[in-house]
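Position chain W relative to chain R; hints supplied.
For reference, the chains in residue letters:
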Amino acid sequence: DAGVIQSPRHEVTEMGQEVTLRCKPISGHNSLFWYRQTMMRGLELLIYFNNNVPIDDSGMPEDRFSAKMPNASFSTLKIQPSEPRDSAVYFCASSRGSALNSPLHFGNGTRLTVT
Amino acid sequence: QKEVEQNSGPLSVPEGAIASLNCTYSDRGSQSFFWYRQYSGKSPELIMFIYSNGDKEDGRFTAQLNKASQYVSLLIRDSQPSDSATYLCAVNQNTGFQKLVFGTGTRLLVSP
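Sequence lines, in order, name chains R and W.
For the first sequence, counting from 1, position 24 maps to 24 in our numbering; every step adds exactly one.
One rule links them: number in our numbering = place in the second sequence (from 1) + 1000.
Just chain R, same shape as in the assembly:
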């Protein structure tokens, strides 16, 4: 089991540029989550997919953020245009099923710095 794979591990970009973060969930997991972590706000859920369908995107900060899951093994989180306040660690997580006690398995995260 390779775990949840995220890329890139680090991303440094200038304000206004487009940023795309990628995630490959664990094979067989049908729920996928994107979280953002900052010192001030902790871990915040941005969007949740179940069976490739977005279920809840209420945590997406604004229209600059978008997420897709074209198939069961790949998801992207895009920020366009990026701003310095978007600097954070972005985690992708997956779980098997949507049961309320299904644990989340996190990827290693992408540390985004917007200058």
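Quick caveat, the hints were computed from the structure, so don't treat them as lab data.
One or more hints might be untrue.
Unchecked claim - In silico BS3-like pairs for lysine-lysine, Cα to Cα no more than 27 Å straight-line:
1. Lys-78(R) x Lys-68(R)
2. Lys-1099(W) x Lys-1067(W)
3. Lys-24(R) x Lys-78(R)
4. Lys-1099(W) x Lys-68(R)
5. Lys-1067(W) x Lys-68(R)
6. Lys-68(R) x Lys-24(R)
7. Lys-1002(W) x Lys-1056(W)
8. Lys-1099(W) x Lys-24(R)
9. Lys-1042(W) x Lys-1067(W)
10. Lys-1042(W) x Lys-24(R)
11. Lys-1002(W) x Lys-1099(W)
12. Lys-1056(W) x Lys-1067(W)
13. Lys-1002(W) x Lys-1067(W)
14. Lys-1099(W) x Lys-78(R)
15. Lys-1099(W) x Lys-1056(W)
16. Lys-1042(W) x Lys-1099(W)
17. Lys-78(R) x Lys-1042(W)
What the hints assert, rightly or not - Label pairs and their computed distance ranges (CB to CB):
18. Thr-20(R) x Ala-1068(W): 40 to 48 Å
19. Leu-1109(W) x Thr-76(R): 23 to 31 Å
20. Gln-80(R) x Ser-1082(W): 35 to 43 Å
21. Thr-38(R) x Asp-1058(W): 29 to 37 Å
22. Tyr-1039(W) x Gly-28(R): 22 to 30 Å
23. Pro-81(R) x Pro-1081(W): 42 to 50 Å
24. Ser-1082(W) x Arg-96(R): 26 to 34 Å
25. Ser-87(R) x Ser-1008(W): 33 to 41 Å
26. Asp-1078(W) x Arg-85(R): 37 to 45 Å
Note that the structure is predicted; figures quoted are calculated from it, not measured.
Don't be surprised by glycine CBs; every beta carbon is placed ideally from N, CA and C.
Coordinates of chain W only, in the frame set by chain R:
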């Protein structure tokens, strides 16, 4: 009021002692509760979960849940320096699907 509250710490305990980490939550309909450990620069990893009132033990870890008081705790017995990390409490709100809300975490320091 934050949905999930934790004392940020740091909580300092000597090696071999019991570390007690606490968490309160605001949504009375919450159904399941998770404890994650996060080492600096790493991703959160699941320690254990609980969804029934009472205690649940797993090795050196015990989770305690009191839904009436909206309170979850994690006890770590025989604390080791390798337990030094940030401990995140997560609550699954009663939304019909798995939506985990995390606290900001308590930093634990175990001194040799």
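Evaluation of the provided hints:
Simply put, Lys-78(R) and Lys-68(R) have alpha-carbon atoms about 9 Å apart, close enough for the 27 Å limit, and the pair holds. A distance of roughly 18 Å separates the Cα atoms of Lys-1099(W) and Lys-1067(W); the hinted pair therefore holds under the 27 Å criterion. Taking the CA atoms of Lys-24(R) and Lys-78(R), the gap is about 15 Å. The hint holds against a cut of 27 Å. The hinted pair formed by Lys-1099(W) and Lys-68(R) meets the criterion: a straight-line CA distance of about 18 Å does not exceed 27 Å.
Restraint check: the Cα-Cα separation between Lys-1067(W) and Lys-68(R) comes to about 36 Å, which exceeds 27 Å; the hinted pair is violated. Only pairs whose Cα atoms come within 27 Å are accepted, and Lys-68(R) paired with Lys-24(R) is accepted, the gap being roughly 12 Å. A distance of roughly 26 Å separates the Cα atoms of Lys-1002(W) and Lys-1056(W); the hinted pair therefore holds under the 27 Å criterion. Among the hinted pairs, Lys-1099(W) with Lys-24(R) is consistent with the structure: their alpha-carbon atoms are about 20 Å apart, no more than 27 Å.
For the given pair, Lys-1042(W) sits about 31 Å from Lys-1067(W) by alpha-carbon distance, which is inconsistent with the 27 Å threshold. Restraint check for Lys-1042(W) and Lys-24(R): satisfied, since their Cα atoms lie roughly 18 Å apart, inside the 27 Å limit. Of the pairs offered as hints, the one joining Lys-1002(W) and Lys-1099(W) holds, with about 16 Å between alpha carbons and a cut-off of 27 Å not exceeded. For the proposed pair Lys-1056(W) and Lys-1067(W), the alpha carbon gap of about 14 Å is at most 27 Å, so the pair holds.
Between Lys-1002(W) and Lys-1067(W) the CA atoms are separated by roughly 17 Å; this keeps the pair inside 27 Å, and the hint holds. Between the alpha carbons of Lys-1099(W) and Lys-78(R) the distance comes to roughly 21 Å, so the proposed pair stays at or under 27 Å and holds. At most 27 Å may separate the alpha-carbon atoms for a hinted pair to count; Lys-1099(W) and Lys-1056(W) meet this at roughly 22 Å. Taken as a hint, the Lys-1042(W) and Lys-1099(W) pair is honoured in the structure, with Cα atoms around 22 Å apart against an allowance of 27 Å.
At roughly 22 Å between alpha-carbon atoms, Lys-78(R) and Lys-1042(W) fall within 27 Å of each other, so this suggested pair holds. A hinted range of 40 to 48 Å for the beta carbons of Thr-20(R) and Ala-1068(W) is consistent with their spacing of about 46 Å. Here the CB-CB span from Leu-1109(W) to Thr-76(R) is close to 38 Å, at odds with the stated 23 to 31 Å. Checking the proposed 35 to 43 Å range against Gln-80(R) and Ser-1082(W) shows it holds: the Cβ atoms sit about 41 Å from each other.
Judged by the Cβ atoms, the range 29 to 37 Å given for Thr-38(R) and Asp-1058(W) holds: they are separated by roughly 30 Å. For Tyr-1039(W) paired with Gly-28(R), a C-beta distance near 27 Å keeps the hint of 22 to 30 Å intact. For Pro-81(R) paired with Pro-1081(W), a C-beta distance near 44 Å keeps the hint of 42 to 50 Å intact. In this structure the hint that Ser-1082(W) and Arg-96(R) lie 26 to 34 Å apart at CB holds, the actual value being about 28 Å.
The given range of 33 to 41 Å is broken by Ser-87(R) and Ser-1008(W), whose C-beta atoms sit roughly 21 Å from each other. Taken as a hint, the range 37 to 45 Å holds for the pair Asp-1078(W) and Arg-85(R), whose Cβ atoms sit roughly 42 Å apart.
Violated hints, listed in ascending order, are 5, 9, 19, 25; each of the other numbered hints is respected by the structure.
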